[in-house]
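The primary structure of each chain is shown beneath.
Protein chains: 2
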Amino acid sequence: MSGILYLIPSPIGSIKEVDYLTQSNTEILQNLKYFIVESEKTARAFLHYCGHNLDDNLNFIEYNEHNFNKINIDDWLKILKSNNSIGLISEAGTPCIADPGSEIVLRAHLNDIEVYPFAIPSSITMALMSSGLNGQKFSFHGYLDKNVNKLRQQIKILERESRLSGYSQIFMEVPYKSQKIFDLLLNTLKSDTFLCVAAELNTSEQFIKTKQIKSWKNFQVELNKKRCIFIFQNKNYF
Amino acid sequence: MSGILYLIPSPIGSIKEVDYLTQSNTEILQNLKYFIVESEKTARAFLHYCGHNLDDNLNFIEYNEHNFNKINIDDWLKILKSNNSIGLISEAGTPCIADPGSEIVLRAHLNDIEVYPFAIPSSITMALMSSGLNGQKFSFHGYLDKNVNKLRQQIKILERESRLSGYSQIFMEVPYKSQKIFDLLLNTLKSDTFLCVAAELNTSEQFIKTKQIKSWKNFQVELNKKRCIFIFQNKNYF
Numbered sequence: 018m019s020g021i022l023y024l025i026p027s028p029i030g031s032i033k034e035v036d037y038l039t040q041s042n043t044e045i046l047q048n049l050k051y052f053i054v055e056s057e058k059t060a061r062a063f064l065h066y067c068g069h070n071l072d073d074n075l076n077f078i079e080y081n082e083h084n085f086n087k088i089n090i091d092d093w094l095k096i097l098k099s100n101n102s103i104g105l106i107s108e109a110g111t112p113c114i115a116d117p118g119s120e121i122v123l124r125a126h127l128n129d130i131e132v133y134p135f136a137i138p139s140s141i142t143m144a145l146m147s148s149g150l151n152g153q154k155f156s157f158h159g160y161l162d163k164n165v166n167k168l169r170q171q172i173k174i175l176e177r178e179s180r181l182s183g184y185s186q187i188f189m190e191v192p193y194k195s196q197k198i199f200d201l202l203l204n205t206l207k208s209d210t211f212l213c214v215a216a217e218l219n220t221s222e223q224f225i226k227t228k229q230i231k232s233w234k235n236f237q238v239e240l241n242k243k244r245c246i247f248i249f250q251n252k253n254y255f
Numbered sequence: 018m019s020g021i022l023y024l025i026p027s028p029i030g031s032i033k034e035v036d037y038l039t040q041s042n043t044e045i046l047q048n049l050k051y052f053i054v055e056s057e058k059t060a061r062a063f064l065h066y067c068g069h070n071l072d073d074n075l076n077f078i079e080y081n082e083h084n085f086n087k088i089n090i091d092d093w094l095k096i097l098k099s100n101n102s103i104g105l106i107s108e109a110g111t112p113c114i115a116d117p118g119s120e121i122v123l124r125a126h127l128n129d130i131e132v133y134p135f136a137i138p139s140s141i142t143m144a145l146m147s148s149g150l151n152g153q154k155f156s157f158h159g160y161l162d163k164n165v166n167k168l169r170q171q172i173k174i175l176e177r178e179s180r181l182s183g184y185s186q187i188f189m190e191v192p193y194k195s196q197k198i199f200d201l202l203l204n205t206l207k208s209d210t211f212l213c214v215a216a217e218l219n220t221s222e223q224f225i226k227t228k229q230i231k232s233w234k235n236f237q238v239e240l241n242k243k244r245c246i247f248i249f250q251n252k253n254y255f
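Same order as they appear, the protein sequences are chains A and B.
Using the numbering used here, read the first sequence as starting at 18 and increasing by one per residue.
Using the numbering used here, read the second sequence as starting at 18 and increasing by one per residue.
Simulated from the structure, these hints should not be mistaken for laboratory data.
There could be a bad hint or two in this list.
Copies of the same chain look alike in the list, so a pair counts if it works inside one copy or between any two.
Below are the DSS-like pairs computed for lysine-lysine, each with C-alpha atoms no more than 27 Å apart in a straight line [unchecked claim]:
(1) K228 to K243
(2) K58 to K163
(3) K243 to K87
(4) K228 to K95
(5) K194 to K98
(6) K98 to K231
(7) K98 to K228
(8) K252 to K154
(9) K252 to K167
(10) K163 to K194
(11) K87 to K154
Next up, chain A with everything else stripped away, as it sits in the complex (with noise of 0.2 Å):
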């Protein structure tokens, strides 16, 4: 009998937004002893607003995107063959979606460990959904390149792929490149394409809008540090 690997979401921004658990869901929580997190602090913190009593037998692995390889993973499996359940908490948002993770769940996967994803609300299904856009054929693209000039080639790709195949392409960005990448955005788009700005999705400042691109142009918004999904599409206007 081996033990169960859940996949914990943590909250994005203040740890007082963690409303996203079910009963159930906050019951399991509670009650594991061990945990795989990016942080043990941060981890710590959110357990501890989530009621968890936080008594001295916790045990926590922490790893992160480049460390991957080098914690002991017959420790954790060993764990788990032990019939001890673990929480795999990342920093901030869903574990292995645009975050670290995934290399431990399939991991689980090839051991035939058991792996329950809480459920929880996701930005990009919701800024995909209040869009307009293809909400039937999509690609998310994560984090798009660092270099300005790739920035635009790879956007320019983008858009004409979503002319030809009809995908929504869909990206994030870290809050303090919003405002520029929103800028970069208008002055490399087309003029008839759509973007989508998701702005602090599930917040008490969430904004959420679609113009085409000569349309956001004379309009004004401020982005600057916001937590921001964008997605946008070429295509016929109806």
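Following the hints, position chain B against chain A.
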């Protein structure tokens, strides 16, 4: 002052699965009088289950992916512009994602109507985070080709893309075809390609497993009539 277009998911399986609505979303839902729905009958059953009192003053506009251009857009824009909010409810699942609705949302944006998505768990996100496959970059293809020969070719192209670009390839299928598609994947994908089957997510029947094709061939699984999300990626094994 305009009303808001609320995007409201309905349960895919049994109506009793509506445990994902937050208190604030439930209150919004119970106060809505206008709805754009795929079917009035199932929308009424859903609203009843969510505690809506269903008085005589409710208004339903029926739409589906085929009649969007036939329903009178001016009618529902007039409702919104008169400071009445509208709930957009899809027949089963999340409006606009692998479901109709995006044309309505886009039309709302272009008329400066605020769009507000209910925060709901996404089966695509839950499947992907649980797969152990690439969650940094992925493509969702909706439903693949119906023609078996074209489907086989499409799967091979997507598998090659996953190898070259690293993108996880995600698609869905209608439940009665799940077993057939699974068998076809086993016979079409390369033996070292990783395939994740995520069935009946967020229900007591939940089944999530990722294996290489050669391992799936030695594993018994019964997917007949199960709601499945399939994800595959050809990648190096660590």
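Hints violated by the structure (listed by number, smallest first): Numbers 2, 3, 5, in rising order.
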